[in-house]
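Number of protein chains: 2
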Amino acid sequence: MRERLSSYIREKIIISDEEVEQVLSLFKVMQVKKNKILISPGETCQRLYFIYKGCLRIFFLTAGGTEATRHFAFENQFATALVSFITNETSKEFVQAIEDTILYYISQKDFYHLLQIIPQWEKLYRHYLEYAYVTNTNRLMSFITLDATARYRQLLAQNPSIVMRLPNKMVASYLNISQETLSRLKSKA
Amino acid sequence: MRERLSSYIREKIIISDEEVEQVLSLFKVMQVKKNKILISPGETCQRLYFIYKGCLRIFFLTAGGTEATRHFAFENQFATALVSFITNETSKEFVQAIEDTILYYISQKDFYHLLQIIPQWEKLYRHYLEYAYVTNTNRLMSFITLDATARYRQLLAQNPSIVMRLPNKMVASYLNISQETLSRLKSKA
Numbered sequence: 002m003r004e005r006l007s008s009y010i011r012e013k014i015i016i017s018d019e020e021v022e023q024v025l026s027l028f029k030v031m032q033v034k035k036n037k038i039l040i041s042p043g044e045t046c047q048r049l050y051f052i053y054k055g056c057l058r059i060f061f062l063t064a065g066g067t068e069a070t071r072h073f074a075f076e077n078q079f080a081t082a083l084v085s086f087i088t089n090e091t092s093k094e095f096v097q098a099i100e101d102t103i104l105y106y107i108s109q110k111d112f113y114h115l116l117q118i119i120p121q122w123e124k125l126y127r128h129y130l131e132y133a134y135v136t137n138t139n140r141l142m143s144f145i146t147l148d149a150t151a152r153y154r155q156l157l158a159q160n161p162s163i164v165m166r167l168p169n170k171m172v173a174s175y176l177n178i179s180q181e182t183l184s185r186l187k188s189k190a
Numbered sequence: 002m003r004e005r006l007s008s009y010i011r012e013k014i015i016i017s018d019e020e021v022e023q024v025l026s027l028f029k030v031m032q033v034k035k036n037k038i039l040i041s042p043g044e045t046c047q048r049l050y051f052i053y054k055g056c057l058r059i060f061f062l063t064a065g066g067t068e069a070t071r072h073f074a075f076e077n078q079f080a081t082a083l084v085s086f087i088t089n090e091t092s093k094e095f096v097q098a099i100e101d102t103i104l105y106y107i108s109q110k111d112f113y114h115l116l117q118i119i120p121q122w123e124k125l126y127r128h129y130l131e132y133a134y135v136t137n138t139n140r141l142m143s144f145i146t147l148d149a150t151a152r153y154r155q156l157l158a159q160n161p162s163i164v165m166r167l168p169n170k171m172v173a174s175y176l177n178i179s180q181e182t183l184s185r186l187k188s189k190a
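Keeping their order, the protein sequence lines are chains H and Z.
Taken in order, the first sequence gives residues 2 to 190; the numbers are from my numbering.
Taken in order, the second sequence gives residues 2 to 190; the numbers are from my numbering.
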């Protein structure tokens with residue numbers, strides 16, 4: 002099972018067998034049921050997750066109490082409440098498993114320790130940060146520059162698995178539209 | 002004058018004198034007048050800027066043709082159209098000097114070359130990416146969770162120099178509110 006995580010790492014960086022073993026030894030495995038909340042606002046996020054199977058959702062509550070979904074992560078992706086993980090401040094976000102999910106996780110302390118001892122680990126983290134930054138910025142721009150129809154079409158083109166795999170409620174919350182609007186857009190597409 | 006850039010680097014990472022010289026040799030200096038556009042949509046962003054004096058603004062145009070400001074950077078900060086810099090795709094954003102500005106810049110090619118040859122450069126870039134990610138994500142959340150008044154108060158608390166130093170038109174565009182609303186908020190504060 003750890004094969005998948007080690008393949009992922011070897012695809013991203015040049016790393017010796019010994020270093021891979023060192024990295025893997027710091028990851029633990031956990032299984033969580035659908036809907037399980039892993040991080041809640043007010044907690045400091047101390048773990049980075051690698052998804053072996055399933056899906057994690059990062060979301061927060063608006064002033065009006067509505068759930069606003071910021072990100073979905075699927076198999077072979079890292080995910081966490083990254084702002085809290087970076088800043089050590091309490092999270093404003095929830096991290097939730099939205100399917101029965103199998104995860105590897107590493108503590109923040111061990112993760113930053115790897116940055117000290119394995120220079121290539123910086124490169125792996127850099128790729129993760131670059132991806133997170135690009136995804137988030139494009140998302141911020143889409144909220145300001147695109148209407149609901151255009152946002153839905155963009156999502157369908159760039160990340161169809163979100164639309165296909167996940168319940169309408171979650172997809173609507175990701176697009177910041179009502180479920181009714183989403184159903185209308187889906188039927189027109 | 003290069004003193005400031007070398008101090009900035011030495012504060013962030015552990016680096017030898019020789020490596021600092023190597024880094025500095027890849028930066029060039031330029032002076033630009035207020036309002037000068039450095040990057041326009043459709044161009045690929047090939048440079049990272051370090052601000053010696055002045056201010057850069059990153060903005061884009063909404064579907065309706067309004068300017069939406071995403072970021073301001075001041076003295077001793079790096080700035081660029083970072084999504085384009087990372088992805089090598091054409092920029093959707095403008096980079097503009099909004100005061101008479103003195104910049105150091107490094108080409109994207111040289112910047113990535115430094116990542117290869119100076120391991121600590123990864124750490125400096127990591128800090129920049131972490132900062133950019135945290136800033137952007139908090140901004141995305143503030144648009145969804147806070148109303149105009151709360152966004153203005155947050156800006157005043159976290160980054161007063163934006164409100165004090167820059168013209169109302171720019172500040173309003175950063176908060177995604179009209180200049181009239183901004184004037185009303187300023188007079189109430």
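Hints should not be assumed to be uniformly reliable.
Since copy identity is lost for identical chains, a pair holds within one copy or between any two.
[Unchecked claim] Listed next, the in silico DMTMM-like pairs over lysine to aspartate or glutamate satisfying Cα-Cα at most 20 angstroms (straight line):
hint	residue 1	residue 2
1	K93	D148
2	K29	E68
3	K124	E181
4	K110	E76
5	K29	D18
6	K37	D148
7	K189	D148
8	K124	D111
9	K170	E20
Worth flagging that the hints you see were computed from the coordinates, not collected in a lab.
Are any of the numbered hints broken by this structure? If so, which, sorted upward? 2, 3, 4, 6 and 9
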